[in-house]
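Use these hints to put chain B onto chain A, whose structure you have.
Quick mapping for you: the protein sequence lines, in order, are chains A and B.
Final position of the first sequence in numbering that gives the first Met the number 0 is 396; the numbers increase by one with none missing.
Final position of the second sequence in numbering that gives the first Met the number 0 is 63; the numbers increase by one with none missing.
Some hints here could point you the wrong way.
Derived DMTMM-like pairs: lysine to aspartate or glutamate, alpha-carbon spacing no greater than 25 Å straight-line [what the hints assert, rightly or not]:
| id | chain 1 | residue 1 | chain 2 | residue 2 |
| --- | --- | --- | --- | --- |
| 1 | A | LYS46 | B | ASP7 |
| 2 | A | LYS46 | B | ASP26 |
| 3 | B | LYS1 | B | ASP21 |
| 4 | A | LYS303 | B | GLU48 |
| 5 | A | LYS319 | B | ASP24 |
| 6 | A | LYS319 | A | ASP338 |
| 7 | A | LYS319 | A | GLU52 |
| 8 | A | LYS319 | A | GLU54 |
| 9 | A | LYS46 | B | ASP28 |
| 10 | B | LYS1 | B | GLU41 |
| 11 | B | LYS1 | A | GLU56 |
No lab work stands behind these hints, which were simulated from the structure alone.
Here is what each chain is made of, one letter per residue.
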Amino acid sequence: MRRVVVVGASAAGLAAAETLRREGHDGTLTLVGDEPLAPYDRPPLSKHLLAGEWEPERLTLRTPDDLAGLDLDLRLVVAATGLRLTDGTVQLADGSTVPYDGLIVATGVRPRHLPGQGGHVLRTLDDAVRLRDRLTPGRRLVVVGAGFLGAEAAAVAWRLGCEVTLLEPAPVPLAHAVGTQVGELLTRAHLERGVDLRCGVTVTEVTESGVRLADGELVDADEVLIAVGSLPNTDWLDGSGLTVGDGVVCDEYCAAARNVYAAGDVARWYNPLFGRSMRIEHRTNAAEQGMAAARHLLNPDGRKPFAPVPYFWSDQYDMKIQAYGFLRGHDEVAIVDGDLTERRFVAAYRTGDRVTGALAVGMPPRAIRQWRQAIASGTNWLEAVGGQVARAREAVN
Amino acid sequence: MKVELEADRCVASGQCVLAAMDVFDQDDDGIAILLDEQPAVEHLDGVREAVAICPAAAIRLVDQ
Chain A
0 MRRVVVVGAS AAGLAAAETL RREGHDGTLT LVGDEPLAPY DRPPLSKHLL AGEWEPERLT
60 LRTPDDLAGL DLDLRLVVAA TGLRLTDGTV QLADGSTVPY DGLIVATGVR PRHLPGQGGH
120 VLRTLDDAVR LRDRLTPGRR LVVVGAGFLG AEAAAVAWRL GCEVTLLEPA PVPLAHAVGT
180 QVGELLTRAH LERGVDLRCG VTVTEVTESG VRLADGELVD ADEVLIAVGS LPNTDWLDGS
240 GLTVGDGVVC DEYCAAARNV YAAGDVARWY NPLFGRSMRI EHRTNAAEQG MAAARHLLNP
300 DGRKPFAPVP YFWSDQYDMK IQAYGFLRGH DEVAIVDGDL TERRFVAAYR TGDRVTGALA
360 VGMPPRAIRQ WRQAIASGTN WLEAVGGQVA RAREAVN
Chain B
0 MKVELEADRC VASGQCVLAA MDVFDQDDDG IAILLDEQPA VEHLDGVREA VAICPAAAIR
60 LVDQ
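So here's chain A without its partners, still in its complex pose (with noise of 0.2 Å):
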């Protein structure tokens, strides 16, 4: 394998050309991105760079030195616009064409947007600057969808002085991700501090002055935040040959086609811990795929199933969410540890027979780190839970 092509210039597309150097590539190793950057990381942008704690050089995920010793045909600010797996070819926005032995697709994802005109979203660098140059003490803020990203995004506006409506459709925020109880632990945080989150409301249009509810009602702002939900960057693949739905359609190897895999956020691939396919949009999970992508590609006779337990995090206000496994369509959550009132517990999620997710807040690490043992060998619920259950119960559905 000579030429080795990775579309994607973030966390997985990074992890992957790493890797592939790391594991004995020594041909043609081109790193395709269309954002005009070195890649650099997007958990801080909802999270510093929002705040104003750093500076947008403190995001670079690598040193130009370790950049150059990966030997990288590098084209930034150019994306990938189309895709022959007859031929073996990957078309860029420039009219250049780069063939490959080779391909890794991790082209990540792209935020959902709403009728009408204006309002920010929050996936670039750019996107973030721009929104922190404007939320200075006193600004009015409405932020659409109380997802992890809005809610971050909503904390932080706060700690600014902004004035902050948070406007969610579903009566919980994050009640079908998190389960109820958390969901109201959520609530609650921004409650106290004073900003209005509104649960059941569906915005229908972002206006110059605000955003329009569906009942009709104007909400006054002077930004708003779009926060709700992305979609994986897949339209450059359309015609290629490679399944696309919500994501590159992969197997448990993360393999599109032949000698193509495909990693992080636009990569929905089977996951065996779980009997599921799944698409994770998680900052770990990027970096873990990508070098599993090219590992496989590099030794395809050495594959080994990705079967990773996923792991995310989330600051908002003084609290520090952690949470291993996929959560998502769990049947029971449970408290093991700790004590939900005190923002001090640990959350256990079954899914069929087993325990299948685990939220943590303001715990010490070894309080979490047996739970995702448990979750890593698909430990059953009872035998997990044991008399820990005891306290508080809550079933779904």
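Chain B alone, transformed into the frame defined by chain A:
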């Protein structure tokens, strides 16, 4: 090879401990602690894994 840890970037994910528990630990707040600045060769793969998956890009492995 020398490990560098930028602790004030750390987000307490503990991924480094999972990858190389002879080299990294966490304090009670979850912040990473470097146990061994110059780990033995057999730990380097784990350290490289930690460098790659650290969600805060807080770890580097540098030639000396």
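The hints, checked one at a time:
For the suggested pair LYS46 of chain A and ASP7 of chain B, the alpha carbons sit about 14 Å apart, so the restraint of at most 25 Å is met. Between LYS46 of chain A and ASP26 of chain B the CA atoms are separated by roughly 22 Å; this keeps the pair inside 25 Å, and the hint holds. A hinted pair counts as satisfied when its Cα atoms are at most 25 Å apart, and LYS1 of chain B with ASP21 of chain B qualifies at roughly 14 Å. Using a Cα cut-off of 25 Å, the hinted pair LYS303 of chain A and GLU48 of chain B holds, with the two alpha carbons roughly 16 Å apart.
Restraint check for LYS319 of chain A and ASP24 of chain B: satisfied, since their Cα atoms lie roughly 19 Å apart, inside the 25 Å limit. A hinted pair counts as satisfied when its Cα atoms are at most 25 Å apart, and LYS319 of chain A with ASP338 of chain A qualifies at roughly 15 Å. In summary, the hint linking LYS319 of chain A to GLU52 of chain A is supported, as the alpha carbons are separated by about 17 Å, within the 25 Å threshold. Distance check on the hinted pair: LYS319 of chain A and GLU54 of chain A sit about 22 Å apart at the alpha-carbon level, within 25 Å; holds.
About 18 Å separates the Cα atoms of LYS46 of chain A and ASP28 of chain B, which keeps this hinted pair within 25 Å; it holds. Between LYS1 of chain B and GLU41 of chain B the CA atoms are separated by roughly 14 Å; this keeps the pair inside 25 Å, and the hint holds. For a cut-off of 25 Å, the pair hint linking LYS1 of chain B to GLU56 of chain A stands: about 24 Å separates their Cα positions.
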